Amino acid sequence: MASIIKSDHKSYGMGLHDEVLTGRTQQTSFNSEEAENFFYHDAFKVDFNKRTLIDVQKLNCIELNKKIKDLMKRGYGTIVLKNPGAKHSLGVGILQKLNLIVEGSLGYFGVGSIDGPVVRISGRVGWSCAENMMSGKVVVEKNAGSCFGAAIRGGDLICKGNVGARSGIDMKGGTIIIGGDAGAFTGFMMQRGRIIICGDVGPNLGDSLYDGTIFVGGDIKSLGADAVEAEITDLDIQWLKRKLKVAEINKKIDFKKMTKIVSGKKLWNYDNLEPSERKGAI
Amino acid sequence: MCGIAGIIHRGKSTNVGGEMQKMLQSLKHRGPDSTGYALYGPEGSQNYILRFKVGENVGEGSSSIMEDSSFYDFRKEEVNKKIIEAGGKILKQEQITPYSFRYVISCDDDLLDLAKKIETVEMTEILSLGKSLELIKDLGDAKVVADKYSLNNFMGTHAIGHTRMATESGVDIRSAHPYWAYPFSDVSVVHNGQLTNYWNNRRALERKGMRFISSCDSELIAVYLANKIRDGYGLEDSMQSSLIDLDGVFTYMVATQDKLGMAKDHMAAKPMVLFESDELVLLASEEVAIRSLLPHEIDTYDPYEGEVKVWQA
Chain X
1 MASIIKSDHK
11 SYGMGLHDEV
21 LTGRTQQTSF
31 NSEEAENFFY
41 HDAFKVDFNK
51 RTLIDVQKLN
61 CIELNKKIKD
71 LMKRGYGTIV
81 LKNPGAKHSL
91 GVGILQKLNL
101 IVEGSLGYFG
111 VGSIDGPVVR
121 ISGRVGWSCA
131 ENMMSGKVVV
141 EKNAGSCFGA
151 AIRGGDLICK
161 GNVGARSGID
171 MKGGTIIIGG
181 DAGAFTGFMM
191 QRGRIIICGD
201 VGPNLGDSLY
211 DGTIFVGGDI
221 KSLGADAVEA
231 EITDLDIQWL
241 KRKLKVAEIN
251 KKIDFKKMTK
261 IVSGKKLWNY
271 DNLEPSERKG
281 AI
Chain L
1001 MCGIAGIIHR
1011 GKSTNVGGEM
1021 QKMLQSLKHR
1031 GPDSTGYALY
1041 GPEGSQNYIL
1051 RFKVGENVGE
1061 GSSSIMEDSS
1071 FYDFRKEEVN
1081 KKIIEAGGKI
1091 LKQEQITPYS
1101 FRYVISCDDD
1111 LLDLAKKIET
1121 VEMTEILSLG
1131 KSLELIKDLG
1141 DAKVVADKYS
1151 LNNFMGTHAI
1161 GHTRMATESG
1171 VDIRSAHPYW
1181 AYPFSDVSVV
1191 HNGQLTNYWN
1201 NRRALERKGM
1211 RFISSCDSEL
1221 IAVYLANKIR
1231 DGYGLEDSMQ
1241 SSLIDLDGVF
1251 TYMVATQDKL
1261 GMAKDHMAAK
1271 PMVLFESDEL
1281 VLLASEEVAI
1291 RSLLPHEIDT
1301 YDPYEGEVKV
1311 WQA
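Chain order of the listed sequences is X and L.
Going by my numbering, the first sequence opens with residue 1, and the numbers climb by one from there.
Going by my numbering, the second sequence opens with residue 1001, and the numbers climb by one from there.
Rather than coming from a laboratory, the hints here were simulated on the basis of the structure.
Owing to the predicted nature of the structure, the values given are computational and were not obtained by experimental measurement.
Glycine is no exception: its CB is placed at the ideal position from the N, C-alpha and C atoms.
Check before you lean on any hint, since a few could be wrong.
Here are the computed lysine to aspartate or glutamate pairs in the EDC-like style, where the Cα-Cα straight-line distance is at most 20 Å [to be verified]:
no., chain 1, residue 1, chain 2, residue 2
1, X, K58, L, D1068
2, X, K252, X, D211
3, X, K142, L, D1141
4, X, K221, L, E1307
5, L, K1131, L, D1258
6, X, K256, X, D219
7, X, K142, L, E1297
8, X, K82, L, D1299
9, L, K1082, L, D1109
10, X, K221, X, D234
11, L, K1028, L, D1141
12, X, K260, X, D211
13, X, K160, L, E1297
14, X, K82, L, D1258
15, X, K160, L, D1299
16, X, K142, L, D1108
17, X, K265, X, D219
18, X, K221, X, E231
19, L, K1228, L, D1258
20, X, K257, X, D219
21, L, K1089, L, E1060
22, X, K265, X, D234
23, L, K1148, L, E1119
24, X, K97, X, D47
25, X, K172, X, D219
26, L, K1082, L, D1141
27, L, K1092, L, D1108
Chain L is nowhere near these chain X residues, computed Cβ spacing over 10 Å in every case [unchecked claim]:
no., residue
28, K45
29, F48
30, K67
31, S135
32, L223
Label pairs and their computed distance ranges (CB to CB) [what the hints assert, rightly or not]:
no., chain 1, residue 1, chain 2, residue 2, range
33, X, K256, L, S1241, 35 to 43 Å
34, X, F255, L, N1153, 53 to 61 Å
35, L, L1294, X, R120, 19 to 27 Å
36, L, F1212, X, T233, 55 to 63 Å
37, X, T52, L, K1028, 29 to 37 Å
38, L, I1096, X, G93, 25 to 33 Å
All chains should be modelled from the sequences, with the hints used to inform the complete structure.
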């Protein structure tokens, strides 16, 4: 994987790196220049051309997730799930490259805690899809329930339809792209990352948002505490165009008329203290 | 955490008993303590169906006591006397369990007087009174209750149901859902969530003469809607105002003789998935319940915060 070139990256010009967290853990735990940080020691070598199909109809989530792991161990890089039947917790904990295709809908907590796979879901997803996702890409062709992309740290999470309430709650990185409308409290307590909503959004958008950026194409019912409007720049528009193209969202959007929401930082309470130091100070 | 489900067929009767059993059984993990059904049979009869119980089925944490079944026969006879005293006539009577009964009665449309008289009999609670509503609830999962009360072939147009995980009160029938909106014919409610201004609302409604049978917050919604209907509000308007007056996190469903409605609070904190077609509407806390009836790929969505929807049978 290519290393990240920091100095001339456009995102610096867009101000997206103003949100750098300065706690000690943030500075020392991860070095993007070291290749070994991008792979788990127990990840399997898989071949994307090696494809197989699993019928989920008679499997429960534990059996299915174990089966996926077994297949990755055997080198399968493309796995198709048939008849998922909106069952809960399918495809969770995949911590490596994999091409996962879901022919149907997932229930609650689908593809949660993943780090690396590319997932395409032809149906709908229930609550908390891709919760805690670290990296990879998830594309949902239909609608999504509430808490879509809760607490994600990275990757691209795309829903082409409408999503419920609290999408991107507690989000710490990555990008959530919503082709349709979104419900109340979208971006609630968001700490980093970006959300794009092509349609309308419900009340309390970006409530108590620490950092990160939300772009809205339609109407905003109301802003939450400390969420404020910012000026949309040419760099923002370039980035939005690129992201929506990658997300295969072909909606006609007047990017200049999109609303950009950021934190007013009046509630901002980040500091350099680690939790243990904070406890001592109290 | 509880599970709720609803189904309404537009313009036809089917086996809603069997369908609701499948939906609720697939939500068992959301509430294994008790299960309740509010099933709506075809309209047409001028007579009323009375479902009542004269004793409790007692589970964990219940303040009720398990009694000897000899009490039940005595109470049933007392209920019979009260029905006649109120000017009613018993046309058919069935004993479903030692403590629960299904009667077909004829009476005038002032149900309040009749209901009040019946409930003067010790430990007696009317579960439902209506021309098409039959409300059944007991301890156990959906299959246990459906088998016990022979609900698997119940023909009707619509139904709501509930699987309960007891959190706010004990495990017994009186705390199980659905609730009948006493004393209004054919109105029932199921709810998932917590109401935080329960006592303020309950005291206000009791001052207006409304009756509460349990200390379960879900009963408040039924009583609240009953009071609104009594004051002349339509179903949808009553539900809209409930979103202002009731505080907390909740999603509820209400059914009448020919309608099914749902309401979701302003925080949208409790789940609800919806499938709608020209013939059929299905609602449930989780999509797995909908998939128990429609296993093929379908389009579903979550209703938004503060949303009220009503469908006609």
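Here is what the structure says about each hint:
no. : hint                         : verdict
1   : X:K58 / L:D1068              : 45 Å, violated
2   : X:K252 / X:D211              : 28 Å, violated
3   : X:K142 / L:D1141             : 32 Å, violated
4   : X:K221 / L:E1307             : 14 Å, holds
5   : L:K1131 / L:D1258            : 11 Å, holds
6   : X:K256 / X:D219              : 14 Å, holds
7   : X:K142 / L:E1297             : 11 Å, holds
8   : X:K82 / L:D1299              : 17 Å, holds
9   : L:K1082 / L:D1109            : 16 Å, holds
10  : X:K221 / X:D234              : 26 Å, violated
11  : L:K1028 / L:D1141            : 6 Å, holds
12  : X:K260 / X:D211              : 13 Å, holds
13  : X:K160 / L:E1297             : 17 Å, holds
14  : X:K82 / L:D1258              : 38 Å, violated
15  : X:K160 / L:D1299             : 13 Å, holds
16  : X:K142 / L:D1108             : 51 Å, violated
17  : X:K265 / X:D219              : 23 Å, violated
18  : X:K221 / X:E231              : 19 Å, holds
19  : L:K1228 / L:D1258            : 18 Å, holds
20  : X:K257 / X:D219              : 11 Å, holds
21  : L:K1089 / L:E1060            : 38 Å, violated
22  : X:K265 / X:D234              : 24 Å, violated
23  : L:K1148 / L:E1119            : 24 Å, violated
24  : X:K97 / X:D47                : 10 Å, holds
25  : X:K172 / X:D219              : 25 Å, violated
26  : L:K1082 / L:D1141            : 33 Å, violated
27  : L:K1092 / L:D1108            : 17 Å, holds
28  : K45                          : 34 Å, holds
29  : F48                          : 26 Å, holds
30  : K67                          : 20 Å, holds
31  : S135                         : 27 Å, holds
32  : L223                         : 15 Å, holds
33  : X:K256 / L:S1241: 35 to 43 Å : 42 Å, holds
34  : X:F255 / L:N1153: 53 to 61 Å : 58 Å, holds
35  : L:L1294 / X:R120: 19 to 27 Å : 23 Å, holds
36  : L:F1212 / X:T233: 55 to 63 Å : 59 Å, holds
37  : X:T52 / L:K1028: 29 to 37 Å  : 32 Å, holds
38  : L:I1096 / X:G93: 25 to 33 Å  : 47 Å, violated
The structure shown violates the earlier hints numbered 1, 2, 3, 10, 14, 16, 17, 21, 22, 23, 25, 26 and 38.
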